[in-house]
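Modelling step: build the complete structure from the supplied sequences, incorporating the hints.
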Amino acid sequence: MTDIFELLKGKPEDSDYEKKGVIVQGITGSYGSQHAKNMITYGTNVVAGVTPGKGGQKFEETIPVYNTMQEAVDATSAKVSIIFVPAKFFLGAAKDALNAGIKLLVAIPEHVPIRDTMEALELAKQKGAVIIGPNTPGIMIPELIKVGIMPPMPFKAGKIAVLSKSGTLLYEISDALTNAGFGQSITIGIGGDPVNGTRMIDAFEMVKDIPDLEGMVVVGEIGGDSEEILAQKIIDSKFNKPTVAYIAGRAAPKEKRMGHAGAIVMGTYGSAESKVSMFNKANIPVAKRPAEVPVLLAGKMEKSD
Amino acid sequence: MQLLEFQAKELFREYGINLLNSISSTSIEEGRKHAKELGYPFVIKIQVPVGGRGKAGGIQKCQNDDEFELKYPQVMDLTIKGEKARAILLEKMADIKKELYLSLFLNRSKRCYTIIASIEGGVEIESVKNQIIKEVGLGEVSDDLAKQVTKEMELEGKTAEQFIDTLKKLSRLTIEKEAELVEINPLAIMQDDSIMALDGKFVTDDNSNFRHDELQKYQEKTEIEERAEKSGFSLVELDGDIAVVGNGAGLVMSTLDMLSDNGGKPACFLDVGGGATTESVYEALTLISKLDRVKGILVNLYGGIVKTTVVAEAFLKAYENNLIDMPVFSRLKGTESEKATEMLQGSRTKIFTTVEEAINAAVMEIKN
Numbered sequence: 001m002t003d004i005f006e007l008l009k010g011k012p013e014d015s016d017y018e019k020k021g022v023i024v025q026g027i028t029g030s031y032g033s034q035h036a037k038n039m040i041t042y043g044t045n046v047v048a049g050v051t052p053g054k055g056g057q058k059f060e061e062t063i064p065v066y067n068t069m070q071e072a073v074d075a076t077s078a079k080v081s082i083i084f085v086p087a088k089f090f091l092g093a094a095k096d097a098l099n100a101g102i103k104l105l106v107a108i109p110e111h112v113p114i115r116d117t118m119e120a121l122e123l124a125k126q127k128g129a130v131i132i133g134p135n136t137p138g139i140m141i142p143e144l145i146k147v148g149i150m151p152p153m154p155f156k157a158g159k160i161a162v163l164s165k166s167g168t169l170l171y172e173i174s175d176a177l178t179n180a181g182f183g184q185s186i187t188i189g190i191g192g193d194p195v196n197g198t199r200m201i202d203a204f205e206m207v208k209d210i211p212d213l214e215g216m217v218v219v220g221e222i223g224g225d226s227e228e229i230l231a232q233k234i235i236d237s238k239f240n241k242p243t244v245a246y247i248a249g250r251a252a253p254k255e256k257r258m259g260h261a262g263a264i265v266m267g268t269y270g271s272a273e274s275k276v277s278m279f280n281k282a283n284i285p286v287a288k289r290p291a292e293v294p295v296l297l298a299g300k301m302e303k304s305d
Numbered sequence: 306m307q308l309l310e311f312q313a314k315e316l317f318r319e320y321g322i323n324l325l326n327s328i329s330s331t332s333i334e335e336g337r338k339h340a341k342e343l344g345y346p347f348v349i350k351i352q353v354p355v356g357g358r359g360k361a362g363g364i365q366k367c368q369n370d371d372e373f374e375l376k377y378p379q380v381m382d383l384t385i386k387g388e389k390a391r392a393i394l395l396e397k398m399a400d401i402k403k404e405l406y407l408s409l410f411l412n413r414s415k416r417c418y419t420i421i422a423s424i425e426g427g428v429e430i431e432s433v434k435n436q437i438i439k440e441v442g443l444g445e446v447s448d449d450l451a452k453q454v455t456k457e458m459e460l461e462g463k464t465a466e467q468f469i470d471t472l473k474k475l476s477r478l479t480i481e482k483e484a485e486l487v488e489i490n491p492l493a494i495m496q497d498d499s500i501m502a503l504d505g506k507f508v509t510d511d512n513s514n515f516r517h518d519e520l521q522k523y524q525e526k527t528e529i530e531e532r533a534e535k536s537g538f539s540l541v542e543l544d545g546d547i548a549v550v551g552n553g554a555g556l557v558m559s560t561l562d563m564l565s566d567n568g569g570k571p572a573c574f575l576d577v578g579g580g581a582t583t584e585s586v587y588e589a590l591t592l593i594s595k596l597d598r599v600k601g602i603l604v605n606l607y608g609g610i611v612k613t614t615v616v617a618e619a620f621l622k623a624y625e626n627n628l629i630d631m632p633v634f635s636r637l638k639g640t641e642s643e644k645a646t647e648m649l650q651g652s653r654t655k656i657f658t659t660v661e662e663a664i665n666a667a668v669m670e671i672k673n
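Sequence order for the protein chains is W and Z. The first sequence begins at 1 in our numbering and counts up by one. The second sequence begins at 306 in our numbering and counts up by one.
Do not rely on the hints blindly, as some may be mistaken.
Facing chain W, from chain Z, some residues (calculated, C-beta under 8 angstroms) [stated by the list, open to error]:
| id | residue |
| --- | --- |
| 1 | V433 |
| 2 | K434 |
| 3 | F515 |
| 4 | L543 |
| 5 | N552 |
| 6 | V557 |
| 7 | M558 |
If you're looking for bench data, these hints aren't it; they were derived computationally from the structure. For each residue, glycine too, the CB sits at the ideal point set by N, CA and C.
In structure tokens, the structure reads:
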């Protein structure tokens with residue numbers, strides 16, 4: 001199983017421990033450059049950027065820009081990259097990164113065709129790499145590193161893992177957690193697409209053995225069955241850390257796509273009822289409102305004490 | 306998008322899948338001509354992008370002119386799950402021996418195409434018994450796999466041959482058009498043991514639209530939806546009276562849920578995208594002003610980086626231009642919210658610190 005913390009932080013004996021290099025693909029675009037700056041401000045060690053045709057430039061006067069991922073990886077030995085290119089160029093950028101040896105690829109673009117995501121995933125599997133997204137806000141260890149587009153304000157270092165399909169709900173719920181005194185050990189954006197590089201269940205595998213983990217929050221939404229599969233996994237693995245879920249889209253009409261490509265109920269497949277009832281089966285309370293999440297989490301913690 | 310039956314069948318025909326004779330029309334005058342060409346008996350089928358047409362009376366048999374004159378307008382006037390008829394399909398009556406089920410879909414958790422087949426079709430997929438489920442991978446269905454499915458369905462002779470052929474054609478269609486779901490239900494075994502697609506459901510992956518100009522003629526959008534798309538918004542029209550606007554699909558869905566929990570009726574789902582600017586919020590208000598049923602607007606923005614004053618400016622501009630004359634209830638999270646509140650003092654926009662408060666106020670005030 002991928003050790004996500006090792007990829008993001010490294011090992012204590014590494015010379016670049018907690019300063020692992022990150023490459024930004026699409027660094028010269030308006031979106032990419034804005035978020036590259038935000039990541040640097042947050043403390044992420046952005047070591048290179050890639051934009052085909054812009055090789056040789058410097059970003060913010062210090063960070064070298066390369067034409068290809070191979071050049072960027074050769075120069076920096078980075079294992080992590082984040083993609084900001086338009087959706088139709090995603091597959092090309094992802095292949096470039098994976099073939100160059102990237103092991104953690106964060107895919108920000110929305111509107112990536114599903115077939116392109118699946119092709120990128122096949123290559124990632126062959127290369128032993130992990131893709132987060134597409135259509136994700138990214139991944140972060142609060143107050144240490146963010147490889148994503150999250151605003152810093154809602155997050156605080158702590159011991160709760162947060163997995164979320166939605167970006168703004170991740171911010172909203174982390175904010176509520178932070179205000180209630182629950183910092184986050186890691187937050188993983190699953191993404192709002194029908195096919196996710198890191199599924200709920202994969203993200204769970206990444207966080208379940210964090211040594212000082214005190215709880216987990218799952219922010220799901222209608223569409224697909226990744227929440228149901230996660231709930232079953234939690235039952236089967238006898239995971240006993242206090243866990244709370246939230247599901248968006250209870251009031252959404254069937255067979256309508258609610259903003260996210262993946263947020264659609266077809267027949268009963270993907271319905272909120274199905275997800276809520278599986279979480280209930282796994283003894284995981286489901287909040288009715290985002291603000292209720294920390295309340296339910298505190299309740300679970302009291303019981304487990 | 307979800308294609309209508311006759312559109313799905315156009316694609317089936319292009320790929321050589323067996324179909325009964327059928328013709329679509331949008332008026333009874335056109336329909337009369339088609340009735341003559343086709344000859345009785347035939348079936349009148351409403352064309353709507355949702356299931357459950359039969360139960361709702363949207364599929365009617367027709368034996369003669371009198372029945373046609375009576376039933377065509379009846380079917381045309383139906384509304385099924387909120388969807389009005391887009392067209393009427395006249396299709397020859399079939400002499401069926403057995404109804405099968407066949408679909409290929411994008412399996413989200415397994416991340417590959419998957420076949421579902423059954424010898425007991427003709428009912429909704431949830432009720433289809435003895436489902437045979439096979440993962441396909443990313444490529445086309447192989448001969449071996451097609452034979453395997455056919456064998457498990459215990460089909461024989463001509464029927465087996467044609468089933469294999471249909472499955473392979475369906476798989477090529479699914480992959481070439483990048484569909485999320487292609488379903489034939491029922492796929493019928495006729496009296497002469499041939500195989501015939503009696504219905505067709507086809508859902509595309511809209512994110513691949515840029516590679517499929519040939520499918521764009523099926524795109525059906527209202528003027529408002531088109532404008533929303535141009536601005537990078539997601540808009541779903543609903544039938545209530547409180548418009549719900551926010552940034553991020555999850556947040557807007559969540560707001561919709563809370564509003565419904567409190568007895569409010571959402572008029573639309575409008576996601577302006579991750580960020581929010583004066584322009585995007587102004588455009589959102591413009592779109593909403595075009596929806597007649599809206600009596601109030603509920604705004605839930607989680608800015609993070611966004612300054613709420615930027616959003617307040619959009620409201621002020623909207624009032625200045627007399628764009629909206631209804632109350633607005635908003636929760637704006639982000640920097641400079643005190644200043645934003647001050648800017649909107651005395652306007653029709655009320656600012657609340659929590660979304661719960663905004664929703665309560667909206668529901669109280671918008672009650673008829």
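Going down the list of hints, with the structure as the test:
no.	hint	in the structure
1	V433	11 angstroms, violated
2	K434	15 angstroms, violated
3	F515	6 angstroms, holds
4	L543	7 angstroms, holds
5	N552	6 angstroms, holds
6	V557	6 angstroms, holds
7	M558	4 angstroms, holds
In this structure, the hints that do not hold are numbers 1, 2, in rising order.
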